[in-house]
Amino acid sequence: MQWYLFNKERLKVEIELMERNGVNFQLCQDGYGNLLWRGQLFVQNHLHKDVRLVYPENFPYTQIKIYILDPKLPKTSIHVHDDGSICVMKPEEWSPDWTAYAMYLKAIEFLNAFYRGELDSPLQFSAYSRESFLERLLEALGP
Amino acid sequence: MSGVKKVLMRESDLRKIEDEKIKWAKKGLETGGYIFGKLYPNGLAHVTYVSDGGPNARRTSISYSGDNVYATRLQEELQMQDPEIVLLGEYHVHPWHGQANLSGGDIDQLVEVKRKRDWFFVLLNTLDDNAIWDVEIDNPAGMYLFGEWKDETGVRRGCRYILPRASPKKLRCQVVKDQISDKEKLLDRILKITKSEVLIGKKVIIVGVGSGGSVIAKYLGCTGIGQIILIDPEELEVENLIRHEGGVGEIGKLKVEICKQIIESHNPFTVVETYSFDVTKSYDKLCELAGGADLIIGASGSMRVNNILNGLSLQFNKPALYGGVFEKGSGGFVLAVKPFEGPCLNCLFGLTSKSYSVDKEAARNYGLDEEELHKQQGLWVDISFPALILTKMAIAILEGNELDYNLVVYRSDLELKKLKAARRKDCAACNFENWAEKQLEEKIPSLRFLFEDEEKVVGEKE
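Those protein sequences? They're chains A and W, same order as listed.
The opening residue of the first sequence carries number 1 in the working numbering; numbering runs sequentially from there.
The opening residue of the second sequence carries number 1 in the working numbering; numbering runs sequentially from there.
The set of hints was computed from the structure by calculation and includes no laboratory data.
Treat the hints with care, since some could be wrong.
[Claimed, not checked] Only pairs whose alpha carbons sit at most 20 Å apart, straight line, appear in this in silico SDA-like list of lysine to any residue:
id, chain 1, residue 1, chain 2, residue 2
1, W, K438, A, L105
2, A, K65, W, S302
3, W, K285, A, Y32
4, A, K8, W, N317
5, W, K38, W, D188
So here's chain W without its partners, still in its complex pose:
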């Protein structure tokens, strides 16, 4: 586990800090206190108790130093009630107007603490603002540069130059009503039917949060998945309203941000990261994100995007799920891929691809041109149907349950088929050797002229 990604606070704790701030700011003194709570494996810091600085805290107009003996005793007392409670960080009030930025001294202190633990933060307040800060230590080995200089009397003195070594970063803080911050109560209705202790440690990446992806994101969030990464470059437009979780007030907002808000409004214990880039153009970033995920979900409805995800699923050996809707909502499918154990996306869709294979017949049947047919893909309910099936399969995969099928195909008359598809023996993506042999009709000869000197123009024979 590295670092805190999000802080969850109760309204009453924030009010307590505000009251403390006002009390001491009136006297022109800095103040502060301690923040206790739980740290979850998904990087969520859940604040459960906020204290003042203790009886021996020292406060001046430019400095504050907490009573650490008091904090240690308090932590012991809190741990008697719940052994998982730890000191998560501290709050700190600068009694002046302006933005809540860390001072040089604050950064130094945070760096010192972060050498011992990677999850400590500071909630910083001014009279106008408050923000939670963390630091990332860039180069712990080369933080200090020692030198010497002579003072006016010629005496040699040692000095320490502090090099830029830590990058402060703002942490996201979600403040919720007190009753919502009780995780047990929040998940009360599903705790016994899900493996919540497993799901909290899982990370899912959803590519595409349109009609189907927004449904998947919401329902996965409601099962207690630890981290959800959402990727989609688009903003919500008027024509999306009747097929998206976002509403009128969200037109013009990024779809990923809308979905994040929806997930967190249902389950603030899920950490959601959002990225608004086109996966066909930012391959390296996608690789980085997919490499750390436990499950890849292709919900864009684009075969082009799904092909890229299939490559990553195979490269990183990560399970993947793909969903799609047939024209005019006449049915849909969900495919679950367990790399190299079952069929990959290309095992099945390689069967269907042929050049210029536009579904002209469907276009003719509905009297629509092909572009229009794509836009009028189906009602939201048609798209939500495979999305919900996909979500159920995602939960099973994340909980480690074996599925006795890997493909679900359904028709709009509610005929549903669960199939166990097999790998294609000559799939270029997941059965490369067989494919290559078939292509060449014999074993692949070794081409020794390649890669002997990678600087050379590749393919130049000796």
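So here's chain A without its partners, still in its complex pose:
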């Protein structure tokens, strides 16, 4: 069952954030019933006329996919896939706190890095890091 059918409050927030921040994307549905934001991005003098932020069926527990289309990015990086989708974070980094608006910003950040030739090369990595978890967690939890 699609998330927006029973999680309408979250959808309201998603829309509100995009609108308040003046993002000129439109919310649509694809043939599978997935919601997506669609619009244009102009970054580093490059125009992509079809940029999509596609919500998965079980959003917000699975990552929003970003597609850079029309034109697709050249496949010069492991972060650009054949279908036009791009990898802006490892699946392990996703958290329900991420919104479509945040992913919109990530798309801009990604394109900026891509056209400046500054893309990093993070690989899939699912071992939890004690440094990045334990210390920060204990710090956050307090004494």
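Dock chain W against chain A, hints included.
Just chain W now, kept in the frame of chain A:
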């Protein structure tokens, strides 16, 4: 309780049926008898007594009809010894070669019985095969269609067309040595230290049965949990051998099947269901399984999978447990989630997530690239440690015991911390309203243009 999921039989009872089969098959006659036993809340039918068809059973070359008066008397006698013993089903021998499939008449009879009780099965034998069958009645309301026709003399006759209405299904049967089928004896060493009567009615779902999940599955099975659902799409490979319950002989087999075999070899009274699908791709199936569970266990070590499980835990209000190991076995954690009462997975891991946060430092320290670092996560003992802690916490949750902590963090130098973490006030998963307010910095306005016409393109304003 609906339906039998697994039948547990003693070798001696199966031999008894075989002897009866041979005796009558030599004469070319069908035969059969009655199967008595206990039915457990987890769907296990435990056969404790097998009888013949009784003195007035009728046997021909194409039919068999048992002596029901004899069966009723026998049941009364058995219930004098143990009131929980009931008639579970019957066995039935077709005295010919081939597969043990139900005939149309067998299905009809089983359907008739299943209208009155949802747990009756038939053990069917031929000279070559035996199989236990049950039927699921698809549409009890529309099973028969009545009509009429005229015979050659023009006389109107009524007739009954039987529509397809029941789906026969094979039941799994585990045959064990006689002494193992004594449940009291099997659980003798733990009966007084566990709430076995509570645990037998519980259903646990374990997602991921690799290094940690296989340990959790085995030890949970050994505590007498009623049902365990195992989900993992992978097969056992050579490099898994030193970190898995499966051994050399099981290479190439599905990990879920290996774990099922291990659980049942220790405790045949646990019903194990296996599914080999990728939970990131079959969300509906996962929802269906998680919705019926008493506890969700995330043992895949994947944050992506755990996030999905967290969503289901909150959606269905089911407790969940997640475990993980830090790089190179330098420690690990177990998190227990009681939805909306304590922190959810996102309350804690939302703190740590940031974009491109690859642990490059750890990779540098060990001189490994990140992918290699993941593969060399730790020894099996390093992974088993949080797995065993998780299992202990699972038993406590299932038995209804209150834990005064919800997070266990340990280091490989055996320093162990039990913590009581609190919910994150702005967690997008379990504290949505606060999160939304923080996002928008004011109350969420109502967006009345939404969902007034769901057929429209969503988001199109009036």
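Going through the hints against the structure:
Between the alpha carbons of K438 of chain W and L105 of chain A the distance comes to roughly 18 Å, so the proposed pair stays at or under 20 Å and holds. With a CA separation close to 18 Å, the supplied pair K65 of chain A and S302 of chain W stays within the 20 Å bound. A distance of roughly 17 Å separates the Cα atoms of K285 of chain W and Y32 of chain A; the hinted pair therefore holds under the 20 Å criterion. Proposed proximity of K8 of chain A and N317 of chain W is supported: the alpha carbons are some 19 Å apart, at most 20 Å.
This hinted pair checks out: K38 of chain W and D188 of chain W have alpha carbons roughly 19 Å apart, not beyond 20 Å.
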